[in-house]
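*Asks:* This is what each chain is made of:
Number of protein chains: 2
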Amino acid sequence: MNERIMNPEKDLALIKKGALELIGQDELLEKLNAYYRTGKPLTIKLGLDPSAPDIHLGHTVVLRKIRQFQTLGHKALLIIGDFTGRIGDPTGKNKLRKQLTEKEVLENADTYKKQLLKILDPEKTTICFNSEWLDNISLKDMIEFMSKQSLLRMLERDSFKKRMESQEAIFLHELLYPMLQGLDSLETEADVEIGGMDQKFNILMGRDMQAKEGMDKQAALFMPIIEGLDGQMKMSKSLGNYVGIDEAPEVMFEKIMTIPDDLIEKYFLLLTDLTTVEIQDLVDGMENGDLHPKAVKMKLAETIVGQYHPLEDALKAKERFVRVMSQGQVPKELPNLTVDPNASILEVMLKAGFSTSKSEARRLVQQKGVKINGKIVESIDLDEFHKGDILQVGKKKFVELSS
Amino acid sequence: MNERIMNPEKDLALIKKGALELIGQDELLEKLNAYYRTGKPLTIKLGLDPSAPDIHLGHTVVLRKIRQFQTLGHKALLIIGDFTGRIGDPTGKNKLRKQLTEKEVLENADTYKKQLLKILDPEKTTICFNSEWLDNISLKDMIEFMSKQSLLRMLERDSFKKRMESQEAIFLHELLYPMLQGLDSLETEADVEIGGMDQKFNILMGRDMQAKEGMDKQAALFMPIIEGLDGQMKMSKSLGNYVGIDEAPEVMFEKIMTIPDDLIEKYFLLLTDLTTVEIQDLVDGMENGDLHPKAVKMKLAETIVGQYHPLEDALKAKERFVRVMSQGQVPKELPNLTVDPNASILEVMLKAGFSTSKSEARRLVQQKGVKINGKIVESIDLDEFHKGDILQVGKKKFVELSS
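Going down the list, the sequences are from chains H and S. Residue numbering for the first sequence follows the numbering used here, starting at 1 and increasing by one per position. Residue numbering for the second sequence follows the numbering used here, starting at 1001 and increasing by one per position.
Wrong hints could be hidden among the right ones.
Once the Cα atoms are required to be at most 30 Å apart in a straight line, the calculated DSS-like pairs of lysine-lysine come out as [as the list claims (entries may be wrong)]:
{"id": "1", "chain 1": "H", "residue 1": "Lys234", "chain 2": "H", "residue 2": "Lys212"}
{"id": "2", "chain 1": "S", "residue 1": "Lys1140", "chain 2": "H", "residue 2": "Lys200"}
{"id": "3", "chain 1": "H", "residue 1": "Lys200", "chain 2": "S", "residue 2": "Lys1148"}
If you're looking for bench data, these hints aren't it; they were derived computationally from the structure.
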């Protein structure tokens, strides 16, 4: 039990923040109450694909939600689906999914672990393989479970429905996969399962199977799916439109800088700790021209990279980005200015020609009319600049710094 | 290898006799050829329901066909489906099928064995349980097999099709049952599987699964299904319209006597060793009035009972039937005549008033105009009669004997 004030209702509000849908809210509230009564933390389940050694920002939407549960005292259970991973996709339909050896699965798991613990609290995180229990389920047991599931109900699943309608082949083993995921919930007595809406059928299957075996049903919490760098498709390894959290700072930085402007807000919302108020300010700033989208995007990139790497490395990545990517393609309205890295903000403003005197510069800063990378400069004592920082005065004066 | 002349084509003709359909004829001929080349007998598979301790005449249609294979040198493999029997019918939809304990299955198997060996050659018969291999199939293996089967193809099965169309529930485990039967063929490397047309889908599944695992496909031989005593429904335990081969002679006899006349021919064809010529004679005799259907039916009952009990007991059953069932309801055209059991045929004919002299009686016999129970009396030396025998002279003179 942590030392927080017991307030299940408040916990529930935090849990629902940013979520698209919560199924089983009353049951979850009951479980949260029980937690305060008994001290037994809830098990928050997340299923992981064993073929993905590179966790990307798309995954972090749910991982960050799990971290919130951990701050409330609960424990994360990350289940690597190695059982089906070792089976692969025998239909050969999904060309991007290959059959994994046991060794590959274990290697991937290590990679996973390293990455997951960048986001989650190691003290409250268990990582396991579903082959631990699925390997021991006999055909006889499986038949018993299958006998409780109706085919018609199974075919209500979107992907099956479409294929039935178009007379496209469904292979029998595919009908088992939602049940295998359900068995994971059954076996681990999960209290909450988190996923994207694309997992809705499978997560609800877990609820159904738990109920049929006389167990309390897990709550189902659905988080938004985040678009990849193209701004169109769901972020995914197979589409190549992803940012892996284990990628080098400069790679992450560069990738994030390629997103379309209209994704900036959603990325801030789901991928950073900025409050909704702070995010709204940035959005308003872009809309009324106070902030240049490129500056806001650089703030986004710096913030996200800084979550997975030391802040210093994030800043270096930004410098490199400016040097390699921006040079030669600096837009007319964004001139380049070479400054002494230890110059004061007032000196830089003078050099940029944004003020005619240090006192005018001081006044502009005090009126909160000066920004670095979209963030208001709060003090005239600022004397640290980085290559690629964007200095802005008023709505229209921008300059990119290089040292 | 038996000492028969090698003639696979002739073997094939015998195999097809009385069968409704043979799928894989070319492959079977190839297998028969291989048998003569290598001496390795074919494995003739039959699946048995573990819940049926009482084999009835309906089952003997296929069992008698297997015996024919045995006379050709091949071996019978009878597979008791205890694996699914122990699962039972978890939907509760099939009220007549109950979950069996291991003990019950074993007891039933003993009963089966005793009955089966009344028909089959013990030297060439193996009885086994499919749990022997199905218990060892892992969920992973099963998923691999399932991944090679299309749902659309599975739903072509009649019983599924109808239920899909009427939106009636199909439970997922039901989709596995044809595959489990197919696994039996795979595991035992069956060369031929025999069954009724109701087994067509499942038996063809065995062919399909063998082919997909790179094995020679079993031939599929379909025998007619025989109607039960009501003459309408398939003979089955659950409908109560059956004759068990382990039932007492008098019970079998009585039951067979209740079949409608228009089933007599089919019963002779599928349940006795009479040749098609002999059967045609009986049918013709009934049609032109030479033979009374009751007499022919008694011959049928006597023949069938005699296959499963000593002939003496079959005759006693007939006597009892006549005494208990027929007395008091003897039709006008079938008067009763008490005779000395050791009287000669000529004396009996005289006593019955069917001839006016022994020489006339002798001539009638020699002209093959005298029958006992529908069978022509071949010799005037006949001097053994049984209670209930029906003596017939010409087309219209009948008398039932009692002693």
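*Asks:* Confirm or reject each hint.
*Replies:* Hints versus structure:
| no. | hint | in the structure |
| --- | --- | --- |
| 1 | H/Lys234 <-> H/Lys212 | 34 Å, violated |
| 2 | S/Lys1140 <-> H/Lys200 | 25 Å, holds |
| 3 | H/Lys200 <-> S/Lys1148 | 26 Å, holds |
Checked against the numbered hints given earlier, this structure breaks only hint 1.
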